[in-house]
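Whenever a hint applies, use it, and build me the whole structure from the sequences.
As they're listed, the protein sequences go chains A and B.
All the letters of the first sequence, read from the start, carry residue numbers 2 to 407 under our numbering.
All the letters of the second sequence, read from the start, carry residue numbers 2 to 407 under our numbering.
Think of the hints as simulated: they come from the structure by calculation, not from any bench.
Check each hint, because a few of them may be wrong.
Copies of the same chain are indistinguishable here, so a pair counts whether it falls within one copy or spans any two.
[Claimed, not checked] Straight line, CA to CA, 16 Å or less: simulated EDC-like cross-link-like pairs of lysine to aspartate or glutamate:
1) Lys357 / Glu389
2) Lys166 / Asp10
3) Lys400 / Glu355
4) Lys16 / Glu72
5) Lys16 / Glu264
6) Lys400 / Asp95
7) Lys189 / Asp155
2 protein chains.
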Amino acid sequence: MNWDQMFSDTALLMKRSAIREILKLTAQPDVISFSGGLPAPELFPVERVRHATDVILAERGSEVLQYSTSEGMPELRGLIARRLSTPNFTVHPDNILITSGSQQGVDMLGRIFINHGDHVVVENPTYLGMMTSWRPHNIQFTAVPTDADGMIVDELKPLLAQRHKIVYSIPTFQNPQGVTLSYERRLKLAQLLIEHQLPFVEDDPYGELRYSGEKIPTVLEVEAAARGSNTVDGHVIYAGTFSKILTPGLRIGYLVAAAPVIEKLVQVKQSTDLHTSTLNQFITYEIAQDEAFLASHITMLRQVYRERRDLMLRLMDEHFPSEATWTRPEGGLFLMVTLPESLDATEILKQALEHKVAFVPCEGFFTGGGGHNTFRVNFSNARPEMIEEGVKRLGMVLKDAMTVRS
Amino acid sequence: MNWDQMFSDTALLMKRSAIREILKLTAQPDVISFSGGLPAPELFPVERVRHATDVILAERGSEVLQYSTSEGMPELRGLIARRLSTPNFTVHPDNILITSGSQQGVDMLGRIFINHGDHVVVENPTYLGMMTSWRPHNIQFTAVPTDADGMIVDELKPLLAQRHKIVYSIPTFQNPQGVTLSYERRLKLAQLLIEHQLPFVEDDPYGELRYSGEKIPTVLEVEAAARGSNTVDGHVIYAGTFSKILTPGLRIGYLVAAAPVIEKLVQVKQSTDLHTSTLNQFITYEIAQDEAFLASHITMLRQVYRERRDLMLRLMDEHFPSEATWTRPEGGLFLMVTLPESLDATEILKQALEHKVAFVPCEGFFTGGGGHNTFRVNFSNARPEMIEEGVKRLGMVLKDAMTVRS
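Right, dumping it as structure tokens:
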């Protein structure tokens, strides 16, 4: 049977995620890998998950293992709503849909908003997993340049004269760069969204992992305030997750949006996978409803990841050649390195793998070309001694590459 | 913001699942509901789930809570492969992709096979959840009539002269009718699929729940044998699940297909939700690898569900008016009742709800009209005393309806 002739046009536009293929390459146990977006497994609240499972199965029994509603567990939606609310901004549980990880949220948004051939605005570079998911809709990406303060919103403005369908961005501790959209730019962005009646996807998996600098309100909140609203009834759809603050293996994410969008998303969710695992929603709720624990757990994560970020930056300053530059993120899991134009990060990865150290070349994160000389480095997953050894090796590989070129 | 103007064409073709909306209506605690497709929660292996979670978290630790591969846990894929293999038919782990319930498998198949406006062959009536998922592709359904032996394959043959993309069917203990495709028809169907080079989706959530009659090989196996093959390299894509034999709340299903189809499905899975919950795959594997337990658990389920089916059929014989007819399934969760043409099952549901008893009208399961006088009855979820009371009430409602009409 010739399957290629059977596949849909959409399917033919699909490819394996380049990142996940690189992750397979770098998954050998003797490689020091800075390539994944993995949280540190030694910090997972394993005993909490075990205890929570015991408690909910004892107290709620078979309900925890039965089919449940597509919207998600009401208590968990309530908890998420409370966590996102501030004194001037109220999120209602009705504005929340539970998803199987925030990747599913992003994928579902592609399904409900994007027609074949639509134009979508993104920052450049942007999250590869979004592109993998949305590309089969045969969309055109319009890339807005970024700097240390995130998307350069002034450059977005003239682009909006054209017909765009939606804007997608990771405003806080962006993947792959680690940069954060400044408050001033959030304000400007909100005005543009309102003026152009444009939906905006705020993908925010890392927002709670801030290690330095001042907390900035979400675009969700800033846009509401700009309209004089104190609730979720505007242009921003927010995607969040417990993957980075608890564990990713439970696959519990959520979307926050105006009621008509949630209504449409419930329809997609029903037809996609009926609902997210009942058990995992109960486990997540049981752990997260202990607010003191969750707060102290996040504080602990911030402390450990801050140390790893600081260590990595210090070692890079020490060992990397002066021709390389890199971002200095205030939070999240990643930073991005830029090499001289003459170098190709994919070629250098091959040499790095010979020295048993790995990263992710960022070329695939750039829409419409460029970025061949950039790569992403994760600082959350490896332990300090591995960071130390890995950055040294990487510094050597980079210096070798510079020497060859010069 | 006018969201309706923002939604994609696909999204505008989506509706809330009619079933899930009916389930909400019938979910009041004092209603005896035969409407859902729920397994009996009192039979869930709650203690096994608790114990399995303890064991895997103790033995495998944080691995159980980390991101994992899109294909699914290798051990679980191996276990499923072994369970589906027979002396003459070998399923390889590479032919298996783990999904978040079999609904996700059906949804992903729609994405990789169906183009906008394609023609799809289904049995009439067929599973509403498939229609909800595939309809946004704006497909045309071609309905093949069914009888007590399932899809009338001889009526499929002339239809295949036209250009169809794919055939979807639940050959065993079909939803909503409970009927099973006979072995002779499976042979004929296999020949047609081979002759017309047509992909076939065998949706088989209930196959292991047989209460009487002889086990019939899957279409997956029959089609392979018809080509002289003893492995998964043909036209059939098989969707299975642990929802009905363990618990649905874990959302662990799987697809079985030829290697090129699995390759494409992995790409969809990556972009859809990265992977199915690592924890739930480990729990399912830990429970199911105890083959003696799983076998005895399924034997127990068969025993209890057989008693409920038998009780329901006996009571229907006793209390239902003679003008009604119904299927007598050899397994699964459902039977279907047909009333005289002059009656409307949706109207009768309103009267039934007044008497605190519920079912699902089947009109929505019929593609292209018809079925207004049919309804589906679930016999797995309610305990015997509820079945007794519920069928009595329903018999009364039906007799009343007949009287009004005569």
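Outcome of the hint check:
1. Proximity of Lys357 and Glu389 under a CA criterion of 16 Å is satisfied intra-copy only: 13 Å inside one chain copy versus 68 Å between copies.
2. In this assembly of identical chains, Lys166 and Asp10 lie within 16 Å of each other by CA distance solely across copies; the values are 13 Å between and 21 Å within a copy.
3. Within a single copy, Lys400 and Glu355 get their C-alpha atoms as close as 15 Å, which meets the 16 Å cut-off; across copies the closest is 80 Å, which misses it.
4. Taking the shortest alpha-carbon separations for Lys16 and Glu72, only the inter-copy value of 15 Å comes in at or below 16 Å, while the best intra-copy value is 30 Å.
5. For the identical chains of this complex, Lys16 and Glu264 are inter-copy neighbours only, at 10 Å across copies versus 30 Å inside a copy, given an alpha-carbon limit of 16 Å.
6. Proximity of Lys400 and Asp95 under a CA criterion of 16 Å is satisfied in neither setting, with 54 Å inside one chain copy and 42 Å between copies.
7. When the C-alpha separation of Lys189 and Asp155 is checked against a cutoff of 16 Å, the pair qualifies only within one copy, where the shortest distance is 8 Å, while the shortest distance between copies is 65 Å.
The structure shown violates just one earlier hint, number 6.
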